[in-house]
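Peer 1: Got two chains here, separate frames each, mind docking them using the hints?
Read top to bottom, the protein sequences are chains G and E. Residue numbers for the first sequence follow our numbering, so the first one is 1 and each next one is one higher. Residue numbers for the second sequence follow our numbering, so the first one is 1001 and each next one is one higher.
Hint data in this document are derived by calculation from the structure and do not stem from the laboratory. One or more of the hints may lead you astray.
Reference excerpt, derived from the structure (chain E facing chain G, CB under 10 Å, subset only) [what the hints assert, rightly or not]:
1. 1027
2. 1043
3. 1045
4. 1078
5. 1104
6. 1143
7. 1152
8. 1166
9. 1170
Using 20 Å as the maximum straight-line C-alpha spacing, the simulated EDC-like pairs for lysine to aspartate or glutamate come out as follows [said to hold, decoys possible]:
10. 158/G / 1120/E
11. 1081/E / 59/G
12. 158/G / 1110/E
13. 1054/E / 1033/E
14. 1144/E / 377/G
15. 396/G / 1147/E
16. 1086/E / 1036/E
17. 1169/E / 59/G
18. 1169/E / 1110/E
19. 259/G / 234/G
20. 1169/E / 51/G
21. 398/G / 1047/E
Yeah, the Cβ is synthetic: ideal placement off N, Cα and C, and Gly gets one too.
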Amino acid sequence: MADESLAVEIMSSHVTNGTKDVGPGDIVVVKPDILLMNDVTALLAIRVLEETGAEDIIDCKRNNTIIVLDHYSPPPTARIASSYRRLRAFARKHGCLFKDVGEGIMHQIAVEELVEPGQLALGADSHTITYGALTVFSTGIGSTEAAYILATGELWLKVPHTINVELKGTLEWPLTGKDVVLYILGQTGGDGAVYASVEFMGDGLKSIQVSDRLTISNMMVEGGAKTALFPVDDILLDWLMRERGIDPRPAWKRLSPRKAEPDLYVDLGRLEPMIALPAAPYNVAPVREVEGVEVDQVFIGSCTNARYEDLAEAARILKGKKVKDGVRLIVTPASRRIYHKAIETGIMEVLHSAGAVITPPGCGACFGSHMGVVGDDEVMVSTSNRNFPGRMGSPKAKIYLASPQTAAATAITGRITDPRDI
Amino acid sequence: MNVDRVLEGYVVKLGDNVSTDDIIAGRYLHITDPEELASHLFENRPEIRERLLKAKKPVILVAGRGFGYGSSREHAPIALKTYGVKAVLAESFHRIFYRNSVNNGLLVIEVKGMADLVDDGDKIRVDLRAGIVETPRGTIRIGKIPDYVINLILSGGLKEKLRSIASQKSHT
Ligand code: SF4
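Next up, chain E with everything else stripped away, as it sits in the complex (with noise of 0.2 Å):
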């Protein structure tokens, strides 16, 4: 399962510190479906659900700084990406969630300057490997991902490589 190095989508815009428990509250987290976690999406914070609800999709989020604030839920990026969010463009993010996203395969990236660009519905379209995005009102550069970041991201994150680990280790 790799990851596309072009994707397109519709903006959903969000603000600054927006936490995991935004996107799911705690009450759900004994819950390890995907489709089950995608229908419960910012229950704690109505005005974004229902703009993300009306959304076109695939959709994109561009989000201010801090993406991803507090609780170490996995249940976040998998909720999101279940959902039909292709991938994450922020200011910045909280590390936990960066890397919970990365491992499954939710594109993650850090983009400054975006939320000028960009209004609800607009269709922006990211290119890895040109390093850029394009927006209706033009384009934008992309921050460096680490190497070893952009490969793990690639190849679908840590769950792929425990696979192709585990498929290994019982053929030997």
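Chain G extracted, bound-state conformation (with noise of 0.2 Å):
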């Protein structure tokens, strides 16, 4: 039916107990076509299949299962390393996908690599829920979970209920999916959106890049969204070809955009830069309110903003100019492919030159355990999603959250700059 939610389309395809015919609120059992799991959840899911003794009944195939090493990589201590080994073991022992130290984000690699439009991805990892924006029903599930489907192939979820949000006018530079998104927590709040599908629609979407779509539907999590879906669409349909060379589906016609009531509204058109004070996402400003704020750190990196274009666009603000003195500029990329294509282009180079410290990729920082994390009392911009006190190193540092361009702004001066003045 057309008026259905993108949620309940996708879902209705991968119920495995009778009925399809779904509604929010429904609580159903679901066959994933893409498993995910990462260093951190990976391990606490083998501890319970050896706790259950469900170990020798588990299948890595049926559902296409991926173990990640990026949280901790590449390890920063011998317990860390020594665990590492048994999820090597593991990943082997049972076939499993398997990328190890220094490939990336298990986020990007799914969306350069695995997933596609009208898919149901679970993952052990909260920001499971970026493939939204690939058209993918995906969200994250725990560790215990994810041993469950490794045994039965299935698992209940609620049929969620939907916050349907319009975009109006263009995205213009230096305007990013990063500001949109954290417009949007700010009118949500840290669980304005919980258990809701966030669907987006409207005339805005021909001017937001596959690449911001991610950055966005990334973060809805921090509302408390189970799932963050953009239609399939001319953009979709172009970065599927040119990026993983897919061919469009038939299938897919039932995910094009649609028409319904919006619930929010968002006037691209008239955004500024916008920036989440410590402590929390959703505690969002213009960068105007804070300018001049001083900082000792500048993270670029993680499954929300450390893709190609993301880098490029730092690099275009730092081009020719220097991290100020005293100041440090940490770039992670996303992945060894971003890595890779960043070198090519030069990009790697103009930040480099600009005095970056870079770094392999991962999560780093973003998951504050090593690689950049910040001591007490320092602040940091940094362009990844989560601010809470301790997250990146000291429970006293404070942290704010921002676009790329405003990152690489405030890297210049040393303290918060709206991209616009530079």
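Peer 2: Okay, here's the thing in structure tokens:
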């Protein structure tokens, strides 16, 4: 039915327990196309399998299962290096897809290689929601649930209600998906989208590229969303062809843009650069309101904003300039593929010459365990998604979340800076 | 391992959007031992940690909106439960935390207007059969829990289900 939500559309084609006539609020059992785990959540899932005696009955092929070492990668301690050995052995023994140290963040790898529109992907990581940008019903689960899927191929889910977000007008430089999603989070707060499928529509879609859509879907979990779906439109079809060599499928017609009564509007033409203040992603304000705050470090990284486009935008601002004396700029590309492309096109050279410290791909400082965490009372502008106390180092540090453009401009001046001023 | 339908505990009161990063910091997530995880609860939120360590056990957390905000780390409910937290009563929950709690036999219940009725240290009683919470300052109804979820909670969550599936399969 044309007026059904994208979430209902995709979920109903994955139900395994009888009826396909599903609606919001129903509890259904689904078979995911893809199951994803990272170094942190897979370790716990293995423990659950051992405790329950279920390790003998698991199947990595049934749901196309991938394990990615991204959070602590490369391992900072011997203890973690030893758990990485366990994960490698587990993946090899059971034939799971596997990405080792330095391949990048699980969500970026999924977007580059794995997921396709219309699929249902469950991942033991809250930012699994990212692939909604590719019209994938994707959502985060826990480790016991990942273990359960490994053993049975299925999991129960509640069919979400919908929050329709209409995008109006045109998104223009230096505005990005980050500014859009921070603005939306300012509206929803931390729990305004809990359990919901957030679905995007409207003319504004035409000016929002896939890399920006990924940023938007990624951070909707900060409003509590279960999934955050963009429709299949020409922008996505072009991207799939160009980046992945995937032809359109007839079934994707059902996932085309739709019209519905909007619950929220974003007027892209009137948006300005936004920033999340310490210590919550929904605590947002225009960058103008906090301009001038002195910073110790800038981090460009994470599954939210470390794609090629993000690095290229940062380089555009940093070209021929220097990071302010006394300020660190840490750049952590989201994947090996992005790293490579940025080397080939000279982006890395620009960032490096400007004074950036470039780390191997992975979660890096976003996860707060290594490669650029901050100390007591330090101030950081980060392109990542969470700024809770202690998220990226000392609980006494202050973290602001912004776009790569705002981050790059801030690195040059050493103070929070609106990129329109550079 | 079935979950009790009636349980008692001592209140520790928390605010809105308590995150799983607050409950257990990222730097400890390579740990899978429950006791070790429990020793690091709320390190990023020292004021909460202090009150929790002082509280009489078993503990019942009473929180505002959006409890379990953020990361999918199942380490959070495991650490809480292992420490001696019996239940979390909140205005609302973030969904992954909710599911993870159910699957580990940590009771999580939506209760509206609870914060006004209790203070740190109050002894309260949750009665799932009657659908109420008894506090020193009055009784309050709990929200409806879907049948599927209540059955899952009462049978010890997905982990127990997995255990029985595994033992059945290995016997056939
Ligand atoms: S980059 Fe940050 S938010 Fe994304 S998966 Fe890694 S730790 Fe989580």
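Peer 1: Each hint: holds or not?
Peer 2: Right, here's what the structure says about each hint:
Using the Cβ-Cβ criterion of 10 Å, the hint placing residue 1027/E at the interface with chain G is satisfied: the shortest such distance is roughly 5 Å. Because the beta carbon of residue 1043/E sits about 7 Å from the nearest beta carbon in chain G, less than 10 Å, this interface hint is met. Against a cut-off of 10 Å between C-beta atoms, the interface hint on residue 1045/E holds, since the closest Cβ of chain G lies about 6 Å away. The restraint placing residue 1078/E at the interface with chain G holds, with a minimum CB-CB distance near 8 Å, inside the 10 Å limit.
Taking 10 Å as the C-beta cut-off, the interface hint given for residue 1104/E holds, the closest approach to chain G being about 7 Å. For residue 1143/E, the suggested interface contact is broken, since its CB lies about 13 Å from the closest CB of chain G, more than 10 Å. The interface hint given for residue 1152/E is met, as the beta carbon of that residue sits about 8 Å from the closest beta carbon of chain G, less than 10 Å. Because the closest C-beta pair between residue 1166/E and chain G is about 4 Å apart, less than 10 Å, the hint holds.
Annotation: interface hint on residue 1170/E holds; nearest CB of chain G at approximately 6 Å, less than 10 Å. Proximity of residue 158/G to residue 1120/E is assessed by CA-CA distance (about 34 Å); at most 20 Å being required, the pair is judged violated. The straight-line distance between the Cα atoms of residue 1081/E and residue 59/G is roughly 30 Å, outside the 20 Å bound, and the hint therefore fails. Using a Cα cut-off of 20 Å, the hinted pair residue 158/G and residue 1110/E holds, with the two alpha carbons roughly 16 Å apart.
Taking the CA atoms of residue 1054/E and residue 1033/E, the gap is near 23 Å; set against the 20 Å cutoff, the hint is violated. Taken as a hint, the residue 1144/E and residue 377/G pair is broken in the structure, with Cα atoms around 44 Å apart against an allowance of 20 Å. Distance check on the hinted pair: residue 396/G and residue 1147/E sit about 43 Å apart at the alpha-carbon level, beyond 20 Å; violated. Distance check on the hinted pair: residue 1086/E and residue 1036/E sit about 18 Å apart at the alpha-carbon level, within 20 Å; holds.
Restraint check for residue 1169/E and residue 59/G: satisfied, since their Cα atoms lie roughly 14 Å apart, inside the 20 Å limit. Among the hinted pairs, residue 1169/E with residue 1110/E is inconsistent with the structure: their alpha-carbon atoms are about 36 Å apart, more than 20 Å. Using a Cα cut-off of 20 Å, the hinted pair residue 259/G and residue 234/G holds, with the two alpha carbons roughly 16 Å apart. Proposed proximity of residue 1169/E and residue 51/G is supported: the alpha carbons are some 15 Å apart, at most 20 Å.
A hinted pair counts as satisfied when its Cα atoms are at most 20 Å apart, and residue 398/G with residue 1047/E qualifies at roughly 17 Å.
Comparing the model with each numbered hint stated earlier shows that hints 6, 10, 11, 13, 14, 15, 18 do not hold.
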